[in-house]
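Chain by chain, the residues run as shown.
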Amino acid sequence: MATYTLTTPLTEEVVRKLHVRDSVILNGTIFGIRDLTQIRIFDHKMDPPVSLQGAVCLHTAPSLKKKGDRWEKVCVGTTTSGRMDRFTPGLMEKYGVRAIIGKGGQYQASLEAMKKFGGCYLAIVGGAAAVETNQIVEVEKVYWEDIHPEALYQFKVKDFGPLIVAMDSHGNHLYFEVKAQAEKKLPEIYKRLGISP
Amino acid sequence: MTQFTYQLVEDTAKELYIRALKILPPDVREALKKALDRETNPTGKEILKTILRNVEVADQQNVLICQDTGLPIYMVKIGSKFSVDGARVAAALKEGAKRATWEYPFRGSSTHPVTRVNPQTSVGEGLPIIYWDFVPENDFLEILMIPKGSGSENVSAMKMFIPADGVAVIKKFVVDTVLQSGSNPCPPGVIGVGIGGTADLVSKLAKEAIARPVGSHNHDPFFAQMEDELYEAINSLGFGPMGLGGSVSTLAVHIEWAHTHITQNPVAVNTQCWPARRARAKIYPDGKVEYGF
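Protein chains in written order, with our numbering: chain A, 295 to 491; chain B, 782 to 1074.
Treat the hints with care, since some could be wrong.
Unchecked claim - Cross-link-like lysine to any residue pairs, in silico, SDA-like; alpha carbons within 25 angstroms at most: (1) A:LYS359 / B:ASP840; (2) A:LYS361 / B:VAL844; (3) A:LYS367 / B:LYS830; (4) A:LYS360 / B:LEU833; (5) A:LYS452 / B:LYS830; (6) A:LYS367 / B:LEU833; (7) A:LYS450 / B:ARG880.
Just so you know, the hints here were simulated from the structure itself, not pulled from any lab data.
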C-alpha cells in the first residue's frame, strides 16, 4: 500500500506502478463524463472536442451554475460506474484515457483494457461530494453544453482524493477480491442464521 | 400571531428538502464515528475518515453532502386534532420540492421514464412520493422528508415468498441481496427490510425502515432479534466501507412488518447509502414550525 501524488496527464509508466489498495492524490486537469457523453462519443460516433490523451475521467453529473460565459461549481460528486462499463475499453484504446475515477468499479472487459493499454480504476468515496467539490479549483471548460448535466467537463483539481486504486494494469480487481472473500464466508454465515445452503 | 397556511407547508417542504441534503442527522453521525472506531481495515478507515470530513465540510460551508439530490419522498402524519385539506397539502409539498430545486439551486434528478426528458424540477408525474398517515391526539402536521439517491435505490429488491419457505429464506434473501448490491449503494448505510403485507405495502415498509433513527429496534422482540442477527451477518461479509474491504459493511439493519395473506409472505430490501439523509418538521395550528430529524 503506497501513496502517490500524481499530476495529470498520466503516462503509461506512472499507471503501471500502481497496484490495488494504493492511495492516489491528483493534481492538474480531470474530465467529467457520464452516460450520455459516452453514448455520444461511441454510439453517435462524435469524437470528443478535446484531446483525452493521458486523461483521467471522472464519472459525474455535476450541479453547476452558469454566470455569463463562466461555469461555477455548485456540487460535484461521483456516480456509479457499472452503468458505463462498455465505454471504458474504447476510451482507453481509441482516445488514450489512462484512468477512470468512479464508485462501484467496472467489469472484466474494462479490466482487460487496463491491462492491455496501461490504465486503472480509481475509487473515490461516494457521497462525499462536499469534499470533492472543494478539491475542484475551477470549472475550466464545458464542452457539449447542450447535454448538461451530462456534458464533457474539464475541471482543474488540487489535492483531489484520496482515491483508492481498485483496478490496476496488472489484472487485479479489488471489488472482485472483496466479493470473492464474502462468498467464501457465506456458508458459515448461512449456518449461523439457520439457513440450509 | 401567525397561523397555519398552505403557503407555510410549501415553504416548509422546500426548507426540508434543502436541510435533508445539507444536515446529516445526529444518529447517523454518531454511527459513522463508531464505525471508524471499530473498522480495522486501513482502506476502510481511510474511507470513513473522508466520510466524516465530508460531513464536517458540509456543516462548515453550508453545502450539499452529496450531489445526488435524489427523488423527494415526504412521509406525512396528520394529527386528529389538526384539521387540514390533504389535497392542498399535497400541492404545497410538490411546489415546495420544485422551489428547493430551482431556488437553491441544485440538480433536478427526476426524468420521464421512457423519453428520459428531465423537467429539471425534481418532481413530475407521480412525484414527489407522498405517504399519508393519521395519528390520534396529535395537534400538529408532521412531515418527514427523505431524498432518495439512485446508487442505493437501484439495488432494491422485492420477492413474494410462500408460507412453506419459512423464516430462514427471508434471512437468506436479505443477505443475498446485500451481497449482490456490493459496493454500489455507498456502504456503510442502513439496510431496510419489509416483511409481510402485499407487494406494494412491503416496499413501503422497507422504505419506512430506512427512515428510522440508526440503530433503533423494532418494538417486536422477535423482529428486533432478527435485526441484530442480520446486522452481524451482513457485517461479517467483509465488504467494508464503499465495498473495498473491511469490518463495517452496514450501520444498521431495520425491519418493519405487517400481517399478510395466509398464502403469501412478501419481503423487500431497501438500502440507504451512508448519508442516511432525512429531515423532519412539525407544523402547529398557530403557524409554529419545529425542525428536527
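Comparing the hints with the structure gives:
For a cut-off of 25 angstroms, the pair hint linking LYS359 (chain A) to ASP840 (chain B) stands: about 21 angstroms separates their Cα positions. Annotation: proposed proximity of LYS361 (chain A) to VAL844 (chain B) holds, straight-line Cα distance about 19 angstroms (limit 25 angstroms). The straight-line distance between the Cα atoms of LYS367 (chain A) and LYS830 (chain B) is roughly 24 angstroms, inside the 25 angstroms bound, and the hint therefore holds. With a C-alpha separation of about 30 angstroms, the suggested pairing of LYS360 (chain A) with LEU833 (chain B) is violated against the 25 angstroms cut-off.
Restraint check: the Cα-Cα separation between LYS452 (chain A) and LYS830 (chain B) comes to about 19 angstroms, which is no more than 25 angstroms; the hinted pair holds. Only pairs whose Cα atoms come within 25 angstroms are accepted, and LYS367 (chain A) paired with LEU833 (chain B) is accepted, the gap being roughly 22 angstroms. A C-alpha spacing of about 31 angstroms is found between LYS450 (chain A) and ARG880 (chain B), which places the hinted pair above 25 angstroms, so the restraint is violated.
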